[in-house]
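Chemist: Based on the sequences and whatever the hints tell you, model everything.
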Amino acid sequence: MTFQEAQTKFSTIVGSLTTTMSSGDLLQKQRDLLALQNRLPESAEFDVIANAISDFSPKLTGMIAQGVLDSLKSRDAAIQGASNLLTQVANQANANEKTISFTKPKLIAAALNETVSQLQKLRATVKGEDFEQALAKVDALATLIENVRSSIKAS
Amino acid sequence: MISALKMGGLSMGMIAVLGLSGCATPDLKPFAGASKTISLSVSKGGDLAIKPLAKIPMWVNDNLVEPGDTNHPYTTLKASWAERRKVMDAVLVYSAALEAISDAAAQRNQNATQLVGSVQQLASAVPGYGAAFNSAGTLVVEGLDITVEVKAWHDMRHAVEAADPAVQLVAQGIKKDFTEISHLYEAPLNDQLAKLGAAMRPIVRFEHALRDQRDAQRKLVEADPGDSSKGSELTRLDGLYATAAADLGQIRSERAKVEDAIAQGMEFFESAIQAVDAWAAANDELVKAFKEHRTPNLTLLIARAEELNGIVNQLKTN
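If you read the protein sequences in the order shown, they are chains A and B.
Per my numbering, the first sequence starts with residue 1, numbered consecutively.
Per my numbering, the second sequence starts with residue 1001, numbered consecutively.
There's no promise every hint is true.
What the hints assert, rightly or not - Straight-line distance between alpha carbons at most 30 Å, and here's what the computed DSBU-like set of lysine-lysine pairs gives: (1) A/K29 x B/K1195; (2) B/K1044 x A/K59; (3) B/K1230 x B/K1219; (4) A/K73 x B/K1036; (5) A/K59 x B/K1230.
Stated by the list, open to error - Simulated coverage check for chain B against chain A, where a stretch passes if three residues somewhere in it have a Cβ under 8 Å from a Cβ of chain A: (6) 1071-1078; (7) 1092-1099; (8) 1169-1180; (9) 1186-1194; (10) 1202-1209.
In short, the hints are calculated from the structure, not lab data.
None of the values given here were measured: they were computed from a predicted structure.
Beta carbons are placed, not taken as given, at the ideal position from N, Cα and C, and that holds for glycine.
Modeler: Here's what the structure looks like:
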C-alpha cells in the first residue's frame, strides 16, 4: 500500500460519514478505520495516517453516543406506556391471587380433626359404661358435625 | 365406610377431569426466572455500555466535553436507561404475579388435600357416618379444587393476554436498545485499540531495528570471538532489545485485553437479544397454550435464560 492509497482510503471513509447515519453504520466506519490502521505499512511515513485514525475514532464514538441517545429517547414514551400496562395487569393478577389463596379449607380441616378427637373421647366414655355422659357427648358431637357440614356447604 | 383407596381413586379422578378439561394451571416458574435474568441483563448492559462513559471526555458536535459537564452524553444516557430498568421492574412484578397465581392454586390444592385427609380420618373413626361424610367431603373438595383451578387458569389466561401487547412492545424496544448500546459499548474500546495501534508503531520499528542490530552484532561476535569490545556491544544490544520486546509485549497484551473485552461484550449482548426474543415468544406461546387448552412449551426460553445467566455470571467474576 502506498501512502497515497492509504490517504485516499482514509479520506473515503471519513468523507462518507453523514449526520443521518445509524449508530450501527457509524460503528462500521470506525471498524473500517481500525482495519485500515492495522493494514498500514510499518514505515514511519504512515504514522501520520495512523495518528489521524487514532484522533478521529473518538469523534466517531461521540457521534455514535449521540445517535444511540436520540434513538433511546425516541422509544422512551413507548417503553413507559408498556411499563404502565404491565403494572396494571400485574395489579389485577395480584388481586386475583389474593382471592384464590384464602384459607377456608384449612379451617374446615381443623374442625374435622377436632371432631375426630371428640369421637375418640366418646369411645372412651362408652367403654367406661357411663352412658348418660356418653349421650351428652353424642349430642355435642352431632352439633359439631352439623357445624362442620354447614361450613363445608358454605364454602 | 369409604376406603383410603377409594378416596385416592376419587382424587385421581378429579385430577383426570382437570387434565381432560385442559385447565391445569401451567407452572410459570421458568417464565418468572427468565424475566429475572433478562431484568438483570438490562442492568448489566447499562453497567457495561453506559457507566464507563461517565469517566471519559466525549466529542459532542465538534466540542470535547469533559466528564461531569452538563452537556456530557452520560447524564442523559443514564436517565434514559433508567426508564429501561423501570420497565424491567414492571416485567418482574408481572411475572411474579403470574407465578403467585400459579402458587396460590397449588397451595389451595394442598389445603384441599389436607381436607381430604381429615375427612378420611373421620370416616374411619365413625362406622356408619363415614360414607355420608366422605361423600359430602369428597364432593366439596372436588368442587373446591376444580373451582380454584379454573379460576387460576382464567386469571392467568386473562393476565397473559392483557399483557402480551406490552410484553411484545417491551421486547421489541429492549432488543433495539441492546443492539444500540452494544455499539456504544464497542466504540470507546475501538478508540483504545486505535490509540494503542498508533502508539505501537514506533515501538514495533524500534524493536525490529534493535533485533536486526543485535543479530548483526551476534554474527560479528561469532566471526571474531576474541574481540571483547564486540562482545560488550552485543550484551548492550541484548539488554536494549529485551526492554523494547517487553514494551511491545505489554502493549500487545493491553490490545489483546481490549479485544477480549469486545468479544465478551458482544457475546453478552447477542445472548441477551436472543433471550429477549425467546421471552417474548414464550409469552406469545402462553397466550396460544391457554387458547388451545394445552401445556405451554417453554424449553427454548429456559435454554436461552440459562445461557444468558451463565454469561452474566462470567462477566461478574471477570
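Chemist: Hint by hint, say whether it matches the structure.
Modeler: Here's how the hints hold up against the structure:
1. A/K29 x B/K1195: Roughly 16 Å separates the two Cα atoms, so the pair holds.
2. B/K1044 x A/K59: holds, 26 Å
3. B/K1230 x B/K1219: Holds, at about 10 Å.
4. A/K73 x B/K1036: holds, 24 Å
5. A/K59 x B/K1230: Cα-Cα ~51 Å, so violated.
6. 1071-1078: holds (count 3)
7. 1092-1099: holds (count 5)
8. 1169-1180: holds (count 7)
9. 1186-1194: Holds, because 7 residues of the segment 1186-1194 of chain B bring their Cβ atoms closer than 8 Å to Cβ atoms of chain A.
10. 1202-1209: Result for this restraint: holds, n = 4.
Going through the hint list in order, the structure does not satisfy hint 5, though it satisfies all others.
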